[in-house]
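Trainee: Each chain, written out:
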Amino acid sequence: MKLGILLTTDPTHENTNTVLNLSQTAREAGIDVAIFLMHNGVYNLTHSLFMELANAGVEISLCAHNAGQRGVGKVDKVLFGSQYDLAQIVHECDRFLSF
Amino acid sequence: MKQIDTKQVGTKQVGTKQVGTKQVIIVIRHSPFNTSRNAEGLRMSVGLTLKNDVVSVVFLGDGVYHASTRLNPKLIGAHICDQEFEMFNMLGCGLFADEIALERAGIAESELRDGVKGISASEIADMLAAADVVIPF
Numbered sequence: 006m007k008l009g010i011l012l013t014t015d016p017t018h019e020n021t022n023t024v025l026n027l028s029q030t031a032r033e034a035g036i037d038v039a040i041f042l043m044h045n046g047v048y049n050l051t052h053s054l055f056m057e058l059a060n061a062g063v064e065i066s067l068c069a070h071n072a073g074q075r076g077v078g079k080v081d082k083v084l085f086g087s088q089y090d091l092a093q094i095v096h097e098c099d100r101f102l103s104f
Numbered sequence: 403m404k405q406i407d408t409k410q411v412g413t414k415q416v417g418t419k420q421v422g423t424k425q426v427i428i429v430i431r432h433s434p435f436n437t438s439r440n441a442e443g444l445r446m447s448v449g450l451t452l453k454n455d456v457v458s459v460v461f462l463g464d465g466v467y468h469a470s471t472r473l474n475p476k477l478i479g480a481h482i483c484d485q486e487f488e489m490f491n492m493l494g495c496g497l498f499a500d501e502i503a504l505e506r507a508g509i510a511e512s513e514l515r516d517g518v519k520g521i522s523a524s525e526i527a528d529m530l531a532a533a534d535v536v537i538p539f
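Which chain is which? The protein sequence lines are A and B, in order.
Under our numbering, the residue at position 60 of the first sequence is numbered 65, and the numbers go up by one with no gaps.
Under our numbering, the residue at position 22 of the second sequence is numbered 424, and the numbers go up by one with no gaps.
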């Protein structure tokens, strides 16, 4: 079972906490989670708890184009990819959620 | 009111979709003004075709302004989405706008961008229910 998540809002939005808790719970239930960040969602890399998700085995990738526009620098364990990576998550996951 | 086959999404039929492909619908629902969100949603929609999934875009609410030829983003230096719409038509992606929202916005069907069709809310609901993935943007 694989859960795909798209996050497009910045860390001040309640979506961040929802995604954090949802992803953590899913991982505890043995569900694979892949998160893609785009638009202002790339700012979530500055959220410390978000990086803990990567350590817990959540695949995190983002739109490098959006990150470049916003001056978000590279971070370990996060794939600075493209819209192709999102297409791949959407194609492969069993459930997909957008925030 | 005209009837369309609500099982038609993009150029392929929901009932006969190719094995391994997904029906993906992106919902553009916000005004295109003062934000780059809509333009990003359309860019994402083009990207989602890269795995050969069947991608359609539905314009709801104030999002219908983005489907209108009356929109002139150049005037305010906003992102021009001509290339995205051109790509949608080249790739056979379905483009749909809510008829009620079009009426509220005062947009006639003749003022819609190439390939965009006005359809009823119930037809949109049927499309969303039949989709594998719905991404509200």
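For the record, the hints were derived by calculation from the structure and aren't laboratory data.
This structure is a prediction, so every number in the text was calculated from the model and none was measured.
Backbone N, C-alpha and C define an ideal beta-carbon position, used for all residues, glycine too.
Do not rely on the hints blindly, as some may be mistaken.
Pairwise CB distance ranges, derived in the manner of DEER restraints [what the hints assert, rightly or not]:
| no. | chain 1 | residue 1 | chain 2 | residue 2 | range |
| --- | --- | --- | --- | --- | --- |
| 1 | B | G463 | A | H70 | 34 to 42 Å |
| 2 | B | S512 | A | G78 | 44 to 52 Å |
| 3 | B | R472 | A | G78 | 35 to 43 Å |
| 4 | B | G422 | A | T23 | 41 to 49 Å |
| 5 | A | R100 | B | N474 | 21 to 29 Å |
| 6 | A | L54 | B | E513 | 30 to 38 Å |
In the DSS-like style, the derived pairs of lysine-lysine whose C-alpha atoms are separated by at most 25 Å in a straight line are [stated by the list, open to error]:
| no. | chain 1 | residue 1 | chain 2 | residue 2 |
| --- | --- | --- | --- | --- |
| 7 | B | K519 | B | K424 |
| 8 | A | K7 | B | K519 |
| 9 | B | K453 | B | K476 |
| 10 | B | K424 | A | K7 |
| 11 | A | K82 | A | K7 |
Trainee: So, for every hint listed, does it hold in this structure?
Mentor: Verification of the hints:
1. A hinted range of 34 to 42 Å is violated for the C-beta pair G463/B and H70/A, which are about 27 Å apart.
2. At about 48 Å, the CB distance of S512/B to G78/A agrees with the hint of 44 to 52 Å.
3. Distance hint check: the CB atoms of R472/B and G78/A are about 40 Å apart, consistent with the given range 35 to 43 Å.
4. A hinted range of 41 to 49 Å for the beta carbons of G422/B and T23/A is inconsistent with their spacing of about 30 Å.
5. Our hint of 21 to 29 Å for R100/A and N474/B is violated, since their Cβ atoms are close to 40 Å apart.
6. Between L54/A and E513/B the beta carbons are some 47 Å apart, a value that contradicts the proposed interval 30 to 38 Å.
7. Restraint check for K519/B and K424/B: the C-alpha separation of about 22 Å stays at or below 25 Å, so the hint holds.
8. Between K7/A and K519/B the alpha-carbon distance is near 34 Å, which puts this suggested pair outside the 25 Å criterion.
9. For the hint pairing K453/B with K476/B, the CA-to-CA distance comes to about 32 Å; that exceeds 25 Å, so the pair is violated.
10. For a cut-off of 25 Å, the pair hint linking K424/B to K7/A stands: about 15 Å separates their Cα positions.
11. For the suggested pair K82/A and K7/A, the alpha carbons sit about 19 Å apart, so the restraint of at most 25 Å is met.
Hint compliance for this structure: hints 1, 4, 5, 6, 8 and 9 are not met, and every other hint is.
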